[in-house]
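Line order of the protein sequences matches chains H and A. Per the UniProt record's numbering, the very first residue in the first sequence carries number 1; after that it's consecutive. Per the UniProt record's numbering, the very first residue in the second sequence carries number 1; after that it's consecutive.
Derived from the structure by calculation, the hints contain no laboratory data. Warning: the hint list may mix true and false statements.
If you want a taste of the chain A side facing chain H, the calculated C-beta under 10 angstroms gives, among others [unchecked claim]:
#, residue
1, Phe83
2, Gly124
3, Leu235
Even for Gly, the Cβ is constructed at its ideal location relative to N, Cα and C.
2 protein chains.
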Amino acid sequence: MGFEAAQPKLDMVLRRLEQSDALEALQDFITELRDAFGVNHLVYHWVNGNGDQYGCGTYDPAWVQRYLDQGYLRIDPVVLGCFQRFHPVDWKQLDWSSKAARAFQKEAIAYGVGNQGYSIPIRGPNGQFALFTVSHSCDDEAWAEFCVSSRRDLILVAHFFNQKALEFEPGRLPEQGHALSPREVDAMTLLAVGYSRAQAAKALEISEHTLRVYIESARFKLGALNTTHAVARALSRGLIVV
Amino acid sequence: MGFEAAQPKLDMVLRRLEQSDALEALQDFITELRDAFGVNHLVYHWVNGNGDQYGCGTYDPAWVQRYLDQGYLRIDPVVLGCFQRFHPVDWKQLDWSSKAARAFQKEAIAYGVGNQGYSIPIRGPNGQFALFTVSHSCDDEAWAEFCVSSRRDLILVAHFFNQKALEFEPGRLPEQGHALSPREVDAMTLLAVGYSRAQAAKALEISEHTLRVYIESARFKLGALNTTHAVARALSRGLIVV
DNA sequence: TTCCGCCTCGCTGTTTTGGGGGAGTTGAAA
DNA sequence: TTTCAACTCCCCCAAAACAGCGAGGCGGAA
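Could you build all of it, start to finish, from the sequences and the hints given here?
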């Protein structure tokens, strides 16, 4: 049963990727994959709710350092755009209208990042979020053609690459041990949609004090400093949805 | 540049899937895909935070109804397990230890669900979560072989299927409106990581009152009722990254 | 059975936010 | 040039959230 086996070359690379057992090997793989795809850059970039980042790819290290130093994560239209989307996205579809975004793009290109790009958002439990990006310098037409023809391969590669990266990062999924109780989820959810404590308590038909206990309990479990922080963490980790 | 084209049969089905323009067509596709994979059942199941569900697949409608009526969503080990994982999972790897889980499994099999299963979790922005499941009745060895050989195809199919399903989902409106100013982003970001107004003001080296102006301004732009709500909305809309 | 997590409720304070007034500077767009 | 959005600062006061103390019942796991 099933379809025929995947095409040999991709298949081979994926198989080797799956069998690799060291984080360092990923850097080699990503270089190899870049050459296989015939593009300038291939980058895997991983973020979690605590602001931890891990990246590996073929960008100029000076650019990576610059990116981290300047906190470009928070203004990068690729990250911001992909964070709101489900499917892979061509950089041209993103919002580059702000001044900061254009300055960022100009600087990126000066550091050797391609003028074209295609990024695949990948999500895991607890708000894990990663980007798998391919970037190149060419005209729009050639790029569009590349995106269409390589999309499926890129999706698969992104998927397996992320899976491998997560394997090597055991400390990345620590505190899912204590999830929130149903009532705590209720409380966080109502607060996240703007209810005051009194309103939330009324909506849940419990005393305000009881509600407070849930909030404090959730805050403790989430390691949060206050209610706003707790709600933000619950959202980031996908424990509640608004 | 790039790898060779995907294998013809899967390629053809995916292409037709992408071109389909009606939600109803998905039901036909899933039946076709089930036959192509040569398994008993193929199911796509979509959930969002409001408890809305959409599913399509080849399960007995009586089982689907039973599942919904009984609220099995909350005890189904497949859903619970996949919600905590990133990669596709063989049902055997899940936790069936609780009494409720075993009763659930027994009932599912009685309704014609296979004794074997393989489920792929798919995530989108705003906590969107979907499951793409293939189920069959056979022994462990045959199933393991199928999973290995079909995994990549299943991942691709799951991805494109979910993309198509989201296309038909009306409740996903971008509604961007006005973005936040840089200072407002700063303010929201610091609040989201647990700073009090006083701390955030100090961190930004502005007076607490100025910070308050930003918070109120952001609250207004986001249509939020209070600070927590504003931070939650900024996070949900991807205006800030924490 | 014993324990532990969850759910429920009460009290008294202190600290933080929210809402209402203001006023002045830039820099960019119209 | 004017206008407008963004940024910066100040006052006061009521409302809300936070912090700490306590209590008991209920159901599942060890």
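These are the hints, each one checked on the structure:
Interface restraint check for Phe83/A: the shortest CB-CB distance to chain H comes to about 6 angstroms, inside 10 angstroms, so the restraint holds. A distance limit of 10 angstroms between C-beta atoms decides the matter here; for Gly124/A the minimum to chain H is near 4 angstroms, and the interface restraint holds. At a threshold of 10 angstroms, the smallest CB-CB gap from Leu235/A to chain H is about 5 angstroms, leaving the interface hint in force.
Checked against the numbered hints listed earlier, the structure breaks none of them; every hint is satisfied.
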